[in-house]
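Enquirer: As a plain string of letters, each chain reads:
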Amino acid sequence: MNIMTTAIIDGLRERMSSAISVNQSVGIILPGNNHPDLTQALFEYMYGKPETAWVYVTIAKPYGSIVKQFGDMLTGEGNIRFIDCVSRALGRYETDPNCVFIESPVQLEKMLLEIMTIFRDLKGDVQKYLVIDALSSLLLYNDVSLVAEFFTHLTNRTKLEDIHSISLSIEEEMEDDVNKILYLRSDKIIKVRESFI
Amino acid sequence: MKEDGAYAYSKKHGERKMESEPVTEHKICKTGIEELDLKLDGGIPIGNAVLMVGSSGSGKTTLSMQFLADGAKRGERGVFFTITEPLFKLTKNMENFDFYDKKLIESGMVNIIDLRIISDRLGLDTEKYTVEDASALLDVLKDIADELNVKRLVIDSITALCYRLQSKEMIRNFIFKLGASLASMDCTTILTSEVPPNEIRYSQYGIEEFIADGIICLGDVDRRGDIIRTLQIIKMRGTAHSRTKDAMSISSKNGIELAPLLKSGG
Numbered sequence: 033m034n035i036m037t038t039a040i041i042d043g044l045r046e047r048m049s050s051a052i053s054v055n056q057s058v059g060i061i062l063p064g065n066n067h068p069d070l071t072q073a074l075f076e077y078m079y080g081k082p083e084t085a086w087v088y089v090t091i092a093k094p095y096g097s098i099v100k101q102f103g104d105m106l107t108g109e110g111n112i113r114f115i116d117c118v119s120r121a122l123g124r125y126e127t128d129p130n131c132v133f134i135e136s137p138v139q140l141e142k143m144l145l146e147i148m149t150i151f152r153d154l155k156g157d158v159q160k161y162l163v164i165d166a167l168s169s170l171l172l173y174n175d176v177s178l179v180a181e182f183f184t185h186l187t188n189r190t191k192l193e194d195i196h197s198i199s200l201s202i203e204e205e206m207e208d209d210v211n212k213i214l215y216l217r218s219d220k221i222i223k224v225r226e227s228f229i
Numbered sequence: 491m492k493e494d495g496a497y498a499y500s501k502k503h504g505e506r507k508m509e510s511e512p513v514t515e516h517k518i519c520k521t522g523i524e525e526l527d528l529k530l531d532g533g534i535p536i537g538n539a540v541l542m543v544g545s546s547g548s549g550k551t552t553l554s555m556q557f558l559a560d561g562a563k564r565g566e567r568g569v570f571f572t573i574t575e576p577l578f579k580l581t582k583n584m585e586n587f588d589f590y591d592k593k594l595i596e597s598g599m600v601n602i603i604d605l606r607i608i609s610d611r612l613g614l615d616t617e618k619y620t621v622e623d624a625s626a627l628l629d630v631l632k633d634i635a636d637e638l639n640v641k642r643l644v645i646d647s648i649t650a651l652c653y654r655l656q657s658k659e660m661i662r663n664f665i666f667k668l669g670a671s672l673a674s675m676d677c678t679t680i681l682t683s684e685v686p687p688n689e690i691r692y693s694q695y696g697i698e699e700f701i702a703d704g705i706i707c708l709g710d711v712d713r714r715g716d717i718i719r720t721l722q723i724i725k726m727r728g729t730a731h732s733r734t735k736d737a738m739s740i741s742s743k744n745g746i747e748l749a750p751l752l753k754s755g756g
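Taken in order, these protein sequences are the chains called U and C.
Basically this note's numbering = 1-based index in the first sequence + 32.
Basically this note's numbering = 1-based index in the second sequence + 490.
The shape of chain C in the complex, shown without the other chains:
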């Protein structure tokens, strides 16, 4: 602040900042979705764990895969832990998109791992986890991420993972352990979270959001019976992000695209 109490304006963002305010520079992890990176003021701050919330078919998996594919093209290795879809189904769906390249998988730049197979190999019941099971699984998950030196990590979905735990207390403990585990890793994470359609909530168990540095909501609006997909950034620590709601399109050519949602239409 100047002596006369005036504020200086940042030319970059056009936002008011005090001159004495230290400028924090965050290293950015680009999502590969041009409009989303613009809304995030560059991208996701490296190391953030982002909860990607949405109902079935809202685009969580596609966005997450595009995030990994973009990272791989930038030389950042990624891993996708799936617990909802079998590997062959997942890769088959991705083949429809131009951003997906089989070579990314073959070269090991994008690794897709089925957590049910890991559970099976660990001798765990794949449908029900005890506290010890969940803890063992977390250790393996962290070991894989460390060993592969991944910079981008996706867990699809945290909801399905927690579903295998038997009590709310176990879920709470597991989520906090997961949060601590992610914080110790040097990578940017997307945790997908499934919620019922048209409900304003960020998670199934009401606790997942507390370990997240960022929340991105994928939803939809009804316009005369047509569904318009939407995306909105609710929170993202370490960046001056937009909070407006955008219309989201998924196309084989460009993957995820965003355009400002027209306000008069729902």
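Just chain U, with the same shape it has in the complex:
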């Protein structure tokens, strides 16, 4: 990894870290080509906080490809549980004790149920975090109004349950109505720009 990429990831991690420590729900809007750097920053951040519990909902790519990329940080009794919404829709029927596979990204209620079940089953008083990667990817499979309703429901529920959330959104996939909801429902919005990095 070159010095430039390391600097990008360090910068992202730092901004995320300070945002999530003071805000309950953080929205991150980023260009698609920055998505790999941001996910790396996120995984490093989660890995560095073993005392916290994370649920990572992946809609942008299959769990299998995340494992290939960040496997070192995900092995063993980790602090990250996954909900994969795309593998089954692609016809892949793998199983993994660390991941719940949902049939399709259209099953939004099932997604909510699984998120809440994982957090409910957590033992001990741990700080809970949720990552949605990415809210905008849901738009590829669902109507805009449904995604907006889902996100409203999700943020209300996570706030009630004292769960911190980070919702990623890829600029190129975004629709105005969901953008509005993301702004409205997030306590803090981080906009990732090439110029910022």
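In short, the hints are calculated from the structure, not lab data.
Among the hints, erroneous ones may be present.
[As the list claims (entries may be wrong)] Under the rule of at most 30 Å between Cα atoms (straight-line distance), these lysine-lysine pairs were calculated in the DSS-like manner:
{"id": "1", "chain 1": "U", "residue 1": "K93", "chain 2": "C", "residue 2": "K593"}
{"id": "2", "chain 1": "C", "residue 1": "K743", "chain 2": "U", "residue 2": "K160"}
{"id": "3", "chain 1": "C", "residue 1": "K582", "chain 2": "C", "residue 2": "K753"}
{"id": "4", "chain 1": "U", "residue 1": "K100", "chain 2": "C", "residue 2": "K743"}
{"id": "5", "chain 1": "C", "residue 1": "K593", "chain 2": "C", "residue 2": "K582"}
{"id": "6", "chain 1": "U", "residue 1": "K93", "chain 2": "U", "residue 2": "K223"}
Following the hints, position chain C against chain U.
Expert: This is chain C only, laid out in the frame that chain U set:
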């Protein structure tokens, strides 16, 4: 009502109640499905007969078995009368669920009885019932429930039972007799009712709902070609229940689970 005509608000439910209105306390039979019990304001009032309506594969049998398994864990004996599925198939399917424990059957806390075997033993034609046959079967059903002192009873399905009767009049008489029989028992009953998919009706013969104290509809909505299972309580005597439609999930770990159905999605 106060002198100034104002209403008092119940803190528990946040609903408007007149102060002079007597508060009726119903004893509750928990279904074992947390979200459903919340929607039922605690559970099904004890003694109610509930019609569980749904098309094939909607989750009627699973929900009914979870209801019995939960009762057994609370020390309430239950009986499941099946007429649609053979016993071995039924128990094999249930083995996939964490709520199911073979010991519940072995200990006699959950009893599964094939009505076709009973019919056979009574010397009845298992495919066609006369009025007398149906009456005899009802008597046996009641005797079994009394003898086992069951608190929870399931008949799966009332549709298949009525299908064996030869005329609408016989079906009507049988259903009313069944209703009277259930009312005399001290147990909470689920009667499953099969309806064709995507039809807004509660029963095959249009009469089953009249003997029911409660109706719970299991359906589905189509979302971009995917089927989302749903559950909605249509009526439940004796409880201030929710009438909203929920998305229903069936998983081996938790059995039936409910989440509010997103309104924008069908």
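Enquirer: Take the hints in turn and mark each one as holding or not.
Expert: Quick rundown of the hints versus the structure:
About 43 Å separates the Cα atoms of K93(U) and K593(C), which puts this hinted pair outside 30 Å; it is violated. Only pairs whose Cα atoms come within 30 Å are accepted, and K743(C) paired with K160(U) is accepted, the gap being roughly 22 Å. Note on K582(C) and K753(C): the hinted pairing is violated, with a Cα-Cα distance of about 36 Å set against a maximum of 30 Å. Among the hinted pairs, K100(U) with K743(C) is consistent with the structure: their alpha-carbon atoms are about 28 Å apart, no more than 30 Å.
Annotation: proposed proximity of K593(C) to K582(C) holds, straight-line Cα distance about 14 Å (limit 30 Å). Restraint check: the Cα-Cα separation between K93(U) and K223(U) comes to about 21 Å, which is no more than 30 Å; the hinted pair holds.
Hint violations for this structure: numbers 1 and 3, all remaining hints satisfied.
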